[in-house]
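Number of protein chains: 2
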Amino acid sequence: MHSGLDHDSLVHHGRDERRGAIASRHWWERPDLAFRDGSLSLGGRDLYELASTLGTPLYVYSRGRVREKLERIHAALEAERIRHRIFYAMKANRYEPLLQHIQSLGLCGADVCSPGEMALATQTGFSEEEISYTGTSVSNADLDAIARHPDVWINCDSLSSLRRLGERCPGRRVGLRINPGLGIGYGVNELLRYSGSKPTKFGIYESQMDEALQIARRFDLSIVGLHVHAGCGYLSPQLAVFDAILDAIGRFSERVGDIDYVNIGGGLGSPLVAADPELDLAQWARSIASRLGHLDAEIWVEPGDFIVKDAGVLLLQVNTVEQKEGVCFIGVDGGFNIHIEPAFYALPMEVVPCRSAALSDESLQRVTVAGNINEALDLWAQDILLPRVAEGDYLALLNGGAYGSSMSSNHCMRGAFSEYLVP
Amino acid sequence: MHSGLDHDSLVHHGRDERRGAIASRHWWERPDLAFRDGSLSLGGRDLYELASTLGTPLYVYSRGRVREKLERIHAALEAERIRHRIFYAMKANRYEPLLQHIQSLGLCGADVCSPGEMALATQTGFSEEEISYTGTSVSNADLDAIARHPDVWINCDSLSSLRRLGERCPGRRVGLRINPGLGIGYGVNELLRYSGSKPTKFGIYESQMDEALQIARRFDLSIVGLHVHAGCGYLSPQLAVFDAILDAIGRFSERVGDIDYVNIGGGLGSPLVAADPELDLAQWARSIASRLGHLDAEIWVEPGDFIVKDAGVLLLQVNTVEQKEGVCFIGVDGGFNIHIEPAFYALPMEVVPCRSAALSDESLQRVTVAGNINEALDLWAQDILLPRVAEGDYLALLNGGAYGSSMSSNHCMRGAFSEYLVP
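Taken in order, these protein sequences are the chains called A and B.
Residue 293 in this note's numbering sits at position 293 of the first sequence, with consecutive numbering throughout.
Residue 275 in this note's numbering sits at position 275 of the second sequence, with consecutive numbering throughout.
I should point out that these hints are in silico values taken from the structure, not numbers from a laboratory.
Here the structure is a predicted model, which is why all the values come from computation and not from measurement.
Some clues are possibly wrong.
[As the list claims (entries may be wrong)] Covered by chain B, per the in silico footprint, the following chain A stretches (three or more residues, Cβ under 8 Å): (1) 130-141; (2) 158-166; (3) 314-326.
[Said to hold, decoys possible] A short list of chain A residues far from chain B (calculated; beta carbon distances all over 10 Å): (4) R36; (5) R85; (6) C169; (7) V224; (8) S287.
Note that the Cβ used here is the ideal one computed from N, Cα and C, for glycine as well.
Given the sequences, and given the hints that come with them, work out the whole structure.
Below, the structure written as C-alpha cells:
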C-alpha cells in the first residue's frame with residue numbers, strides 16, 4: 001500500500017510542504033506542471049500562450065515528464081537488481097515527434113499490436129530486436145507481416161495463432177501470452193477488465209498448455225518467454241492482485257521450462273483525481289523481485305499510460321457560459337471524439353483554467369463542462385468546482401497524454417486538433 | 001403501440017407467412033437482405049463474394065433500402081397530409097458515394113452540425129436552402145462559417161450562440177433549439193438521453209425564452225422555426241414520450257408567435273434484436289398531425305439512423321476459432337474501433353454468417369465474437385447462437401450502416417476498412 005511518505009511521490013506530486021515558495025495548491029502540481037504567475041505551465045511553456053498561438057483543440061506534451069517516468073521505472077527495478085527491459089506501448093500515443101523523442105532516449109523498446117504499429121516502430125528507428133508484438137484475434141495477414149520481421153519478439157495469444165505462426169516460421173523463438181484468470185481494471189471498471197473469473201479472449205489458459213507445448217514441438221518453435229497482461233490503470237491498492245498474477249506466472253513457467261523473459265505487460269496507472277493513491281513503484285518492484293526472482297528470467301514491462309498520460313494535457317477554448325435550469329454549462333470547442341476516456345471509460349480528466357488570477361475558494365463555482373458534439377454523453381466533467389471562467393478562456397484537461405489523439409475519431413467532422421511536444 | 005399486424009412491418013421484416021417460398025427464417029430478413037442459395041445477399045449482391053473480392057473489414061450499403069426508408073417517411077407524413085421536409089442527418093454516415101446517392105434522390109436535404117459537415121453537404125450538391133445546421137457549444141469560428149452561408153437554416157442551441165449569431169448576422173432568419181425537459185434514449189440507455197429531468201447542455205429551456213426573444217429583437221433576428229431533438233432510437237413503445245415532447249412544442253410556440261417550421265429532430269429507431277418492435281410510422285405521423293397540426297407550420301424531420309442503419313452491414317473475416325475455459329471464441333479481423341456501438345453504447349449488432357449451408361437448430365453453437373483490439377471490451381457479441389463457423393469464414397454484422405465508419409478511429413492502427421455502395 002502507498003505509505004504517503006516515500007520521497008518519490010512527495011517530489012513528483014507536490015505534497016512536499018517543505019518546499020516553501022513552490023509548495024503546491026493542487027494535488028496534480030509538480031515542477032513541470034504548475035501555475036507560474038497565474039498561468040498554467042507545462043514543461044516550461046505557458047499553456048495560455050500556446051493555446052492562443054497554435055489554436056485549440058491542442059494536445060501539449062512534456063518531453064521531460066516522459067523521460068522521468070521511464071527513468072523512475074528503471075530506477076525502481078534496478079533498486080531490486082532486476083534484469084529488465086521496458087517496451088513503450090505505442091497504442092497509448094503515436095504522435096510522431098513524441099515517438100521519436102521516446103526512441104531517441106534509448107531507454108525502451110516498443111510494444112506493438114498490429115502490422116501498422118510494427119511498421120511505424122521500425123520507421124521511428126526501433127530495431128526489430130527492440131520491438132515486442134502481442135496481438136489478439138490475429139489474422140493470417142498479420143502473421144505474414146510478422147514473418148517478414150524475423151527478429152521481432154512475438155507473443156502468441158491463442159493456440160490458433162501459435163499453430164499458424166508455426167506453419168509460417170518453423171523454428172522461430174516465440175513467447176506465449178498466458179491468462180492466469182485474474183485481472184485488474186481502473187478501480188472497479190468492468191470495461192477495462194482484461195482477465196478475471198469469466199473467460200476472456202486473451203491468452204492461453206493453463207488448461208490449454210499441453211496443447212500449446214505440442215504445437216510448439218510440432219513446428220520446432222522455441223518458447224523463450226511468457227507474457228501476461230494484468231489489466232490497466234493499477235495503483236498501489238491493486239498490488240495485492242498484481243502479486244497473485246505474478247504467482248500464477250510461476251505455475252505456467254514450470255510447464256514450459258527455462259525461459260529468457262517474463263513480460264508482465266503494462267497497466268501501471270496514474271492518479272486521476274485527488275483521492276487516488278499513487279502507484280508505489282518501489283513496492284511494485286519488490287513484488288516482482290520476490291515473486292519472479294527465482295525464474296532467472298529477464299523482466300519485460302510494457303507501460304503506455306504510465307509513460308505518457310500525465311505528460312500531456314488537452315487544451316480547449318470556452319465558447320459558451322450559460323445557466324440552464326440552475327446548472328452552469330461551460331461549452332468548449334472539442335468533444336468526446338477527440339478524447340473518449342471520460343465519456344466511454346468513466347475515467348475523469350481534471351479540468352484546470354489556463355489562467356487563474358483568482359484561485360481563492362470564494363471564487364469557485366459549480367459547473368458542467370460540455371463538448372461540441374450533439375450527444376448527451378459529451379460532457380468533460382459534471383458538477384465540478386472551477387474558478388469563474390468567461391467565453392474565450394482556455395481550459396486544460398489533465399492526464400490527456402494517453403489514448404486521446406490515438407483513439408480520436410472524426411465524428412461529426414469534429415476530429416481536427418493539433419499536437420505539440422514542448423521542445 | 002405496435003400492433004404486430006400492420007402491412008408495413010409484415011412486408012419489410014419478413015414476417016409475412018403468406019409469401020410462401022420467400023418466407024423468412026430470421027426476424028431481420030427482407031427482400032433485399034436474405035439468404036439466397038445459402039449465401040447472404042444485400043441489395044442483390046452475394047456478401048461472401050464481395051468480402052472475398054474486396055477484402056475485410058468491409059461495409060456494404062444497399063442503395064434501395066435508403067430510398068425505401070426515405071419514401072416510407074414521406075408516405076407516412078403524406079397520409080396525414082402533413083406539409084414536411086426531410087433532412088438526412090449526415091453524421092450517421094458520410095461515405096461520399098452514399099451521400100451522393102442520397103442527394104441525387106431528391107427526397108431530402110442535409111442536417112449538419114459542424115462547419116466541416118456543412119462544407120461536405122455543399123460539395124455533395126445540396127444547396128444552402130437544403131441544409132439545416134444545429135450545433136452545440138458553438139464557437140465563434142463556427143458562427144463565422146455559418147455567416148458565410150446566409151441561406152443555411154440555423155437553429156441556435158443557447159442564448160450565447162443566439163447573441164453571437166446576432167452580432168454577426170443581424171436580421172437573419174433563425175430557429176431556436178428548445179429543450180422541453182423530456183427525452184428518449186435507445187430503451188433505457190442513459191448514454192443516449194438527450195434531454196430529461198436533469199438539465200442537459202442542449203437547447204433553450206422555457207425559463208430562458210424571454211431572454212431569447214429579447215436577444216432576437218435586439219439583433220432583428222427573425223425566429224422562423226423551433227427545433228427539438230427528442231432523443232434517439234425510439235420505437236413504437238416510446239411514442240407516448242414522443243407525444244409529450246410534441247405537446248411541449250406547442251407551449252414554446254405560443255411564446256414565439258407564427259413560425260414557418262417545427263423541426264422535430266431525428267431519433268427514429270430501427271429494431272436491433274428480434275424482440276424489438278418496429279417503429280409504427282403511421283402512428284408516428286398521426287401523433288404529429290394531432291399535436292402540431294394547429295400550428296400551421298411545416299414539419300421538418302432529421303433522420304439519420306432510420307435512413308442508413310439497416311441499409312448497411314459490416315463484413316469481417318473469422319481468423320480464430322478456439323475454446324477457452326468452455327467458451328467458444330470466434331476471433332475476427334476488425335475491432336470496436338471501426339464500429340463502436342456494441343462496445344460503448346450497448347447497442348447489439350446481429351451476427352450472421354455470410355454462408356450457411358446448415359442452418360438447422362442442431363448445428364447451432366453458443367459463441368462469443370471477439371475483435372482484434374487488445375481491450376477486454378472488444379467483443380462484438382457474447383453468448384450468442386451461431387451455426388458452426390471455421391477460420392476463413394465471413395460474418396456479417398447487421399445494422400452497421402449508421403455511426404460505424406463515421407465514428408471509427410485508428411486505435412492500434414487498426415482503422416483500415418473499405419466501404420461499398422452496391423450499384
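For each hint, the structure was consulted:
1. Taking a C-beta to C-beta cut-off of 8 Å, the region 130-141 of chain A contributes 8 residues in contact with chain B, enough for the three needed, and the coverage statement holds.
2. With 4 residues having a Cβ less than 8 Å from any Cβ of chain B, the region 158-166 of chain A passes the three-residue criterion, so the hint holds.
3. Here the region 314-326 of chain A counts 8 residues with a CB under 8 Å from a CB of chain B, which clears the bar of 3, and the coverage holds.
4. With a least beta-carbon separation of about 28 Å from chain B, R36/A lies farther than 10 Å from that chain, consistent with its non-interface assignment.
5. The claim that R85/A is not at the interface with chain B holds, since no C-beta of that chain comes within 10 Å of its own (minimum 19 Å).
6. No Cβ of chain B approaches the Cβ of C169/A within 10 Å, the least distance being about 17 Å, so the stated non-interface status holds.
7. The beta carbon of V224/A sits about 21 Å from the closest Cβ of chain B, which is more than 10 Å, so the claim that it is off the interface holds.
8. Look at S287/A: its CB is around 23 Å from the nearest CB on chain B, clear of 10 Å, so calling it non-interface holds up.
Of the numbered hints listed earlier, not one is contradicted by the structure.
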